[in-house]
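These are the residues of each chain, in order.
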Amino acid sequence: MDNNPFKNINQPLKEVPVELKSKVMNDIAMAKLIMDLAALFSYNFSHVIETVITKRNIKNQP
Amino acid sequence: MKTLDNINKLSDEDLVEAIVKTNNTALFEVLYDRFSSLIYNKCYGFAKDGDEAKDLTQDVFLKLFVKLASFKGKSKFSTWVYAFTYNHCVNYVTRNTAKKFEKQSVDYKDIENLSDDYEEDDSSFLSMKVEKLKVALELISPEEKMILLLKYQDFLTIKEIASALEIGESAVKMRIKRAKDKLVTEYNVNVK
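Protein chains in written order, with my numbering: chain A, 1 to 62; chain B, 1 to 192.
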């Protein structure tokens, strides 16, 4: 399909507004902060369970 | 500088893996630089104007950062990003209608018929004029527009579309066929 008209429907490509990058990176910084804070106040349950099982096994060894 | 060079040499997939591991925003900035033009222009195709395209792009990148870990590397990252962006745009465009993008049921009779004689007959598109095609694309549903763009603008294979949209290959073929038929009808009947 050399003369595929779909190739040309978004031509010429629009220039990305310069100010958009700082807006996006601000959003990302905020999202990272929230995710990091959430991680501080939540348990990593798989790690907790694994640790308990490992320690229990060691304790029960003769 | 050497580190920056190394980062720039990373494939998209390796870069994503590094971002998921470290949650490093500087690495995400590299990803932004690689994909901002692509995502912005995809969003522009579904937006009313530049401001709306900007808002959509901003939302797509934020969602991308949060959901990046759900990329499992089964397809190329760019393929995944196409589908991710289109899904967001389609959901945005259809937000006020009850019909959100969903796994629509497919008539199994259609699939049986299609599986045997499915051929990609794209001759009906070849003679289409770009400006009229743009208008016709606005007359079909956003979901239909999305699947046609994935196939004919982004050149994804049936398999890649199936993987990206998490539906079967037969369903993809069926949807493409229906979307094509509808587009051709709109083009011939309603676009002057």
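Check the hints yourself; a few may be wrong.
Have a look at the derived ranges for each label pair, beta carbon to beta carbon [stated by the list, open to error]:
1) B/95 x A/57: 26 to 36 Å
2) A/40 x B/51: 16 to 26 Å
3) B/169 x A/19: 36 to 46 Å
4) B/10 x A/58: 17 to 27 Å
5) A/59 x B/158: 29 to 39 Å
6) A/34 x B/169: 18 to 28 Å
7) A/15 x B/69: 46 to 56 Å
8) B/14 x A/57: 11 to 21 Å
9) A/33 x B/178: 40 to 50 Å
Think about it this way: if two alpha-carbon atoms lie no more than 27 Å apart in a straight line, the pair counts; the simulated DSS-like pairs of lysine-lysine are [said to hold, decoys possible]:
10) A/7 x B/76
11) A/14 x B/134
12) A/14 x B/173
13) B/67 x A/32
14) B/9 x A/23
15) B/132 x A/21
16) A/14 x B/48
17) A/32 x B/134
18) B/132 x B/67
19) B/48 x A/32
20) B/173 x A/21
These aren't lab readings, by the way, just hints derived from the structure by calculation. Just so you know, these numbers come straight off a predicted model, no measurement behind them. Every residue, glycine too, gets a C-beta built ideally from N, C-alpha and C.
Structure-based check of each hint:
1. B/95 x A/57: 26 to 36 Å: The hinted range 26 to 36 Å is violated for residue 95 of chain B and residue 57 of chain A, with Cβ atoms some 52 Å apart.
2. A/40 x B/51: 16 to 26 Å: 37 Å, violated
3. B/169 x A/19: 36 to 46 Å: 42 Å, holds
4. B/10 x A/58: 17 to 27 Å: Roughly 41 Å apart at Cβ, these two residues miss the hinted range, so it is violated.
5. A/59 x B/158: 29 to 39 Å: Since the Cβ atoms of residue 59 of chain A and residue 158 of chain B sit about 56 Å apart, the hinted range of 29 to 39 Å is violated.
6. A/34 x B/169: 18 to 28 Å: 39 Å, violated
7. A/15 x B/69: 46 to 56 Å: Hint violated: Cβ distance 31 Å, outside 46 to 56 Å.
8. B/14 x A/57: 11 to 21 Å: Violated - the Cβ-Cβ distance for residue 14 of chain B and residue 57 of chain A, about 37 Å, lies outside 11 to 21 Å.
9. A/33 x B/178: 40 to 50 Å: 45 Å, holds
10. A/7 x B/76: Distance of about 20 Å is within 27 Å: holds.
11. A/14 x B/134: 16 Å, holds
12. A/14 x B/173: Given pair residue 14 of chain A, residue 173 of chain B is violated - Cα atoms ~31 Å apart, limit 27 Å.
13. B/67 x A/32: 12 Å, holds
14. B/9 x A/23: Holds - the C-alpha atoms of residue 23 of chain A and residue 9 of chain B are around 26 Å apart, at most 27 Å.
15. B/132 x A/21: 33 Å, violated
16. A/14 x B/48: The hint holds at about 14 Å.
17. A/32 x B/134: With a Cα-Cα distance of about 39 Å, the restraint between residue 32 of chain A and residue 134 of chain B is violated, given a limit of 27 Å.
18. B/132 x B/67: Violated - the C-alpha atoms of residue 67 of chain B and residue 132 of chain B are around 37 Å apart, more than 27 Å.
19. B/48 x A/32: Between residue 48 of chain B and residue 32 of chain A the Cα gap is close to 31 Å, so the pair fails against 27 Å, i.e. violated.
20. B/173 x A/21: 37 Å, violated
In summary, the numbered hints that this structure violates are 1, 2, 4, 5, 6, 7, 8, 12, 15, 17, 18, 19, 20.
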